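Here the protein sequences come in this chain order: A and B. Quick note: the first sequence, position 66, residue 66 per my numbering, numbers continuous. Quick note: the second sequence, position 235, residue 235 per my numbering, numbers continuous.
Read the hints as simulated data drawn from the structure, not as lab findings. Predicted model only: the values in this text are computed from it and were never measured. Cβ atoms here follow ideal geometry from the backbone N, Cα and C, with glycine treated the same way. Do not take every clue at face value.
To spell it out: a stretch of chain A is covered by chain B in this simulated footprint if at least three of its residues, at any positions, have a beta carbon under 8 Å from a beta carbon of chain B; those stretches are [to be verified]: (1) 78–85; (2) 166–174; (3) 208–218.
With a cut-off of at most 20 Å between alpha-carbon atoms, the simulated DMTMM-like pairs for lysine to aspartate or glutamate come out as follows [as the list claims (entries may be wrong)]: (4) LYS87/A - ASP255/B; (5) LYS25/B - ASP39/B; (6) LYS95/A - GLU149/A; (7) LYS107/B - ASP131/B; (8) LYS260/A - GLU270/A; (9) LYS260/A - GLU52/B; (10) LYS106/A - GLU68/B; (11) LYS130/A - GLU93/A; (12) LYS261/A - ASP281/A; (13) LYS87/A - ASP131/B; (14) LYS154/A - GLU93/A; (15) LYS259/B - ASP137/A; (16) LYS171/A - ASP157/A; (17) LYS171/A - GLU270/A; (18) LYS265/A - GLU174/A; (19) LYS187/B - GLU278/B; (20) LYS294/B - GLU204/B; (21) LYS95/A - GLU251/B.
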Amino acid sequence: MSTSSLRTSWRSRPVLFRRGLATEAAAAAPSPEGKPPPRPIVRTAVILNRSPILTRTPTSLERAYYAYQARVQRALHNPFPRELYFKPGSLLESKFNLEERRRDRKAFGPGFGADHPLAPGAGVTAQDLKKFGRDVDETPAPRVHASDESGDVKSLDRKGQRNLYLLVRQKTDEGFVWRFPETAVAGKELLHESVARGLRESCGEAMDTWIVTRKPIGLYEIHPPAPIQPGDPAAPPKHTSWPVKQGQGNLSQTVAWLTKKEIAKRVNPEYWDGVKDMLSDF
Amino acid sequence: MSAAPVRAAAATATRGLRPVRKIRKLVHDQRGLPIPHVDIVVRDTHLSRLGEHYHNTLADDLLYMTYEHESGPRPPPRRIRLMYDPENPYVKLRHNPPVGGSQVGRKPAPLTTSENVVRLERIQLHTMAKDAIVSRQNLLGPIMALRALSGETEYGGGRRGSTGVQIVRGIKSVGGWVRPGIPLGAKVDLLGSKMYDFLGTLTEFVLPRLREFPGIALPPASANPQTPAGVSGVVSFGLPPEAFGFFPQIEVNLDAYPKAYGMHIHFITNARGVGAQERARQLLSGFQIPFARK
Chain A
1 MSTSSLRTSW
11 RSRPVLFRRG
21 LATEAAAAAP
31 SPEGKPPPRP
41 IVRTAVILNR
51 SPILTRTPTS
61 LERAYYAYQA
71 RVQRALHNPF
81 PRELYFKPGS
91 LLESKFNLEE
101 RRRDRKAFGP
111 GFGADHPLAP
121 GAGVTAQDLK
131 KFGRDVDETP
141 APRVHASDES
151 GDVKSLDRKG
161 QRNLYLLVRQ
171 KTDEGFVWRF
181 PETAVAGKEL
191 LHESVARGLR
201 ESCGEAMDTW
211 IVTRKPIGLY
221 EIHPPAPIQP
231 GDPAAPPKHT
241 SWPVKQGQGN
251 LSQTVAWLTK
261 KEIAKRVNPE
271 YWDGVKDMLS
281 DF
Chain B
1 MSAAPVRAAA
11 ATATRGLRPV
21 RKIRKLVHDQ
31 RGLPIPHVDI
41 VVRDTHLSRL
51 GEHYHNTLAD
61 DLLYMTYEHE
71 SGPRPPPRRI
81 RLMYDPENPY
91 VKLRHNPPVG
101 GSQVGRKPAP
111 LTTSENVVRL
121 ERIQLHTMAK
131 DAIVSRQNLL
141 GPIMALRALS
151 GETEYGGGRR
161 GSTGVQIVRG
171 IKSVGGWVRP
181 GIPLGAKVDL
191 LGSKMYDFLG
201 TLTEFVLPRL
211 REFPGIALPP
221 ASANPQTPAG
231 VSGVVSFGLP
241 PEAFGFFPQI
251 EVNLDAYPKA
261 YGMHIHFITN
271 ARGVGAQERA
281 RQLLSGFQIP
291 FARK
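The task is simple: from the sequences and hints, build the whole structure.
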């Protein structure tokens, strides 16, 4: 995937407005007798999303359906007003006739429609058109990026048809685990400010992103078995959706841009149960 | 064994045999071509690129952006008294508006759910030809232009809902200018994949090539958002005649049109209630339609 097509895709994202999906705040942990319940430790995580940059390839059923409908449309369409669009005998008209003949032959087989011997412009051949010069070769860019073939999960250009999410490898009590980039809410910070700070700390300043909503889009709740200590990493992180705009940023830690299916294989099963409904299926 | 069960069993056996279906012969038209038994309707012929973009990206984002977090059920709407008691037979047929004026602009927006995320329902193109008052022939140019832009014809592809390009007629009499019923302009409705195709053409070929076009003008901050237009989820703007030649469908044979026509474009969404127009603009900016404050 070339850089230009990436930029085109991200320009298509809306600018930040207001409001967002929210969930109820974390329920307080069960309190021991006589003591006020301990305040839950709130951690925020960002779901950094690279939306699809390629139109998805239709399934074989869809392709068959569209091909059938295109044939029906071709058979039933109103007569094309040639005289409105082309001067009689012009090069453009010959070119159109030739292309139309090819399309009709592909749809209905030889001898029908524009391929009929009595159809207008039936005498024009591809050899006639060559006299006027050659067309510009318009081969589209490949739909598979080099990173798809090499399996490079750090590339933002991989899997152009799918939603990708940024996961980082973080150190916890259970060892290294894959998670969304998360951080603890510091002081009187707002949730979306904490998310922004966490993303800056983990991925650097260079990453160009915009926030979709200031409210959390989901809640992953953990009830730790032992009384929790301040700064315990096993506290519920809140998630805020935040798609990346351009530039990969300074990704010094181990990161991966993964689809939903690939995330399921990397994260802990209980973490997966908590976050899977926040991600787009496609 | 009595007779009744035997009869019932025999009846079931007979019913099990399906009668042979008679094959109705196809009726042929005057040219000898067969007319099929069913109505043939042309559906989508390709995957819509912007439609996919809406379903895969915009719908999620718009749900997150427009969701209002409310705890508990909504309070019931305020009961606004009518001017006259509707039960009173003496004022039964009298015009009976609510006290305090129309409540249209104050209707709250419905709760955002995954089912009613703001979406584009149709695009209407509308052009008025002033010179059609002098001669109806001057309407042919706009009609051909709208046909070329939309690809729509009446009942096109066998779709009953397809109205094609419609003539707009004068409604009321304006002294020395318009009379009721005279043709004044043309309009066309775009739905489905054709709507998304037009939107793609507009944002990729037309708007980037307009000179000094900062974006669709937003209303001033002091504008009243509670007007009927503000709560109906429609975003409209006008394209000048200079933009006419930038549409690829027009560009190929610009010489065939007597002159360049401007047009009004209405984007009609399903957003309703207070702030509906803002939500419609959020949706459109996701399709790369630029908005700018003056």
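Results of checking the hints against the structure:
no. : hint                : verdict
1   : 78–85               : holds (count 3)
2   : 166–174             : violated (count 0)
3   : 208–218             : holds (count 4)
4   : LYS87/A - ASP255/B  : holds (11 Å)
5   : LYS25/B - ASP39/B   : holds (16 Å)
6   : LYS95/A - GLU149/A  : violated (39 Å)
7   : LYS107/B - ASP131/B : violated (41 Å)
8   : LYS260/A - GLU270/A : holds (15 Å)
9   : LYS260/A - GLU52/B  : holds (18 Å)
10  : LYS106/A - GLU68/B  : violated (52 Å)
11  : LYS130/A - GLU93/A  : holds (14 Å)
12  : LYS261/A - ASP281/A : holds (8 Å)
13  : LYS87/A - ASP131/B  : violated (27 Å)
14  : LYS154/A - GLU93/A  : violated (50 Å)
15  : LYS259/B - ASP137/A : violated (34 Å)
16  : LYS171/A - ASP157/A : violated (27 Å)
17  : LYS171/A - GLU270/A : holds (17 Å)
18  : LYS265/A - GLU174/A : holds (17 Å)
19  : LYS187/B - GLU278/B : violated (25 Å)
20  : LYS294/B - GLU204/B : violated (23 Å)
21  : LYS95/A - GLU251/B  : holds (17 Å)
Hints 2, 6, 7, 10, 13, 14, 15, 16, 19 and 20 from the list above are not met by this structure, while the remaining hints are.
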